[in-house]
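2 protein chains.
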Amino acid sequence: MPILIDIRKLTIIGKLIQHGAKNVTESLSTMADIQADIQIKSLSFVEPSDIPREIGEGTYYHTNIRLTEAPYGVFLMTFGDRTAHEIAGHMTGQPVENETLNHMHESALQEMCNILTSGFIDGIANTLGTTINMETPELEHSDAEKIADKTLSHIQTDSLSIVLDSVVDLRDRDTEFQLRVFLVPDPGAFVNLIDKLDVEEIREMESVTMAHEGDRAF
Amino acid sequence: MPILIDIRKLTIIGKLIQHGAKNVTESLSTMADIQADIQIKSLSFVEPSDIPREIGEGTYYHTNIRLTEAPYGVFLMTFGDRTAHEIAGHMTGQPVENETLNHMHESALQEMCNILTSGFIDGIANTLGTTINMETPELEHSDAEKIADKTLSHIQTDSLSIVLDSVVDLRDRDTEFQLRVFLVPDPGAFVNLIDKLDVEEIREMESVTMAHEGDRAF
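Protein chains in written order, with full-length UniProt numbering: chain A, 1 to 218; chain B, 1 to 218.
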């Protein structure tokens, strides 16, 4: 059965993502005192079966949550070992040695994942005029097939996955973290939410809260 | 009146763009003997009224065509002066001096715009299993508001614009050209075309013609 959306409402998906990223920036500042800019470098749509290929070869750190409210589905974030070591080193002030994370590093990385995940989901929820409850994300380390098997086993094969390549650019130093985010909402619930939104309303909201910030209108 | 599309068919938009970019790569090689990789760095959806802001401040080179067959609408490509000078210098073997293009530079730039535009449109048309006739693009130089006024005056205000940031990366030297592409199809015609396509068919076509190329599944 088709799940229909007005094609002109696709601009709203971009707005949701833009607001999610903006909220991550604020969360990093208030919760971890990290001044950073979050840029969404690319947005694409893939089928869930393509997600392992999108994650890439080799092992990745990943954190995922199931959304227990609309738009339901899964939020999955992946990043490579090098990014993990950079984040852990930056947050603890202790460089990662011998490619091995110590307990402090792991805690810091877990904390960063919590901030990024909840910041992004809350940003989307605010724009939707709702709240989205979620479980606490758990940080794990495995390869793409295992990540996909574990996180997406309950997802309908005909779902849509929104893939975002994001860069967290630390303002006070020449460091960038590269993250990939997969949003796999329940298609029906997602369309219902977007149908309720009006581009003009979002635009007014932006003109109040985001005046003159020059953000890319994703 | 809403123009409805099955949300799970959004993956097809990415495929169309991926195939368009791939065809540009081939056209550059066969028509201009330029070995280059085309990467689509970002895809977003905006309303036509946001296009001037998306183009950016200052003056830009731009070329646009009206599509006289489905999906109708406009194809607009913009790039900055620096990119124009680099392309013209590379194609003629004569560096641009005093920020001024000579006649040869202008011809070369016009030729490059023809190749990029027809390559992209033909790539999309092939994937759609059709041809898309178009006028010859004309190269012009003006600022964002004027570009938008001129090219989009006949576009419905509730159309959807697909915005692509592309990078043409020359293989034999350390040079990249940055281009922005705006595809503003007639929403109804565009949805009709996409509705006729099947993701599985595209996938089979890819597995024959693009095996093991590891392209990003946009």
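Incorrect hints may appear among the rest.
Here are the simulated lysine to any residue pairs, SDA-like style, with alpha carbons at most 20 angstroms apart [said to hold, decoys possible]: (1) A/K196 to B/K196; (2) A/K196 to B/L4; (3) A/K41 to B/E54; (4) B/K41 to B/E69; (5) B/K41 to B/L170; (6) B/K41 to A/G56; (7) A/K196 to B/E47; (8) A/K146 to A/Q35; (9) A/K41 to B/D169; (10) B/K196 to A/D6; (11) A/K41 to B/K41; (12) B/K41 to B/T83; (13) B/K196 to A/M1; (14) B/K41 to A/K146; (15) A/K41 to B/Q39; (16) A/K41 to A/T175; (17) B/K146 to B/E54; (18) A/K41 to B/G56; (19) B/K196 to B/N126; (20) B/K196 to A/T131; (21) A/K196 to A/I40; (22) B/K41 to A/I162; (23) A/K41 to A/L170; (24) A/K41 to B/D158; (25) A/K146 to A/A36; (26) A/K41 to A/L10.
In silico negatives: residues of chain B with every beta carbon more than 12 angstroms from chain A [stated by the list, open to error]: (27) I17; (28) T25; (29) T59; (30) R82; (31) Q94; (32) E135; (33) L139; (34) E176; (35) V199.
Since the hints were derived computationally from the structure, they do not count as laboratory data.
Glycine included, every Cβ here is placed at the ideal spot set by N, Cα and C.
Hints versus structure:
no., hint, in the structure
1, A/K196 to B/K196, "violated, 27 angstroms"
2, A/K196 to B/L4, "holds, 15 angstroms"
3, A/K41 to B/E54, "holds, 15 angstroms"
4, B/K41 to B/E69, "violated, 28 angstroms"
5, B/K41 to B/L170, "holds, 16 angstroms"
6, B/K41 to A/G56, "holds, 17 angstroms"
7, A/K196 to B/E47, "holds, 18 angstroms"
8, A/K146 to A/Q35, "violated, 33 angstroms"
9, A/K41 to B/D169, "holds, 17 angstroms"
10, B/K196 to A/D6, "holds, 17 angstroms"
11, A/K41 to B/K41, "holds, 7 angstroms"
12, B/K41 to B/T83, "holds, 16 angstroms"
13, B/K196 to A/M1, "holds, 15 angstroms"
14, B/K41 to A/K146, "violated, 28 angstroms"
15, A/K41 to B/Q39, "holds, 12 angstroms"
16, A/K41 to A/T175, "holds, 16 angstroms"
17, B/K146 to B/E54, "holds, 13 angstroms"
18, A/K41 to B/G56, "holds, 17 angstroms"
19, B/K196 to B/N126, "holds, 14 angstroms"
20, B/K196 to A/T131, "violated, 37 angstroms"
21, A/K196 to A/I40, "violated, 25 angstroms"
22, B/K41 to A/I162, "holds, 15 angstroms"
23, A/K41 to A/L170, "holds, 16 angstroms"
24, A/K41 to B/D158, "violated, 26 angstroms"
25, A/K146 to A/A36, "violated, 31 angstroms"
26, A/K41 to A/L10, "holds, 18 angstroms"
27, I17, "violated, 9 angstroms"
28, T25, "holds, 18 angstroms"
29, T59, "holds, 19 angstroms"
30, R82, "holds, 20 angstroms"
31, Q94, "holds, 35 angstroms"
32, E135, "holds, 25 angstroms"
33, L139, "holds, 26 angstroms"
34, E176, "holds, 15 angstroms"
35, V199, "violated, 7 angstroms"
The structure is inconsistent with the numbered hints 1, 4, 8, 14, 20, 21, 24, 25, 27 and 35, although it conforms to all the rest.
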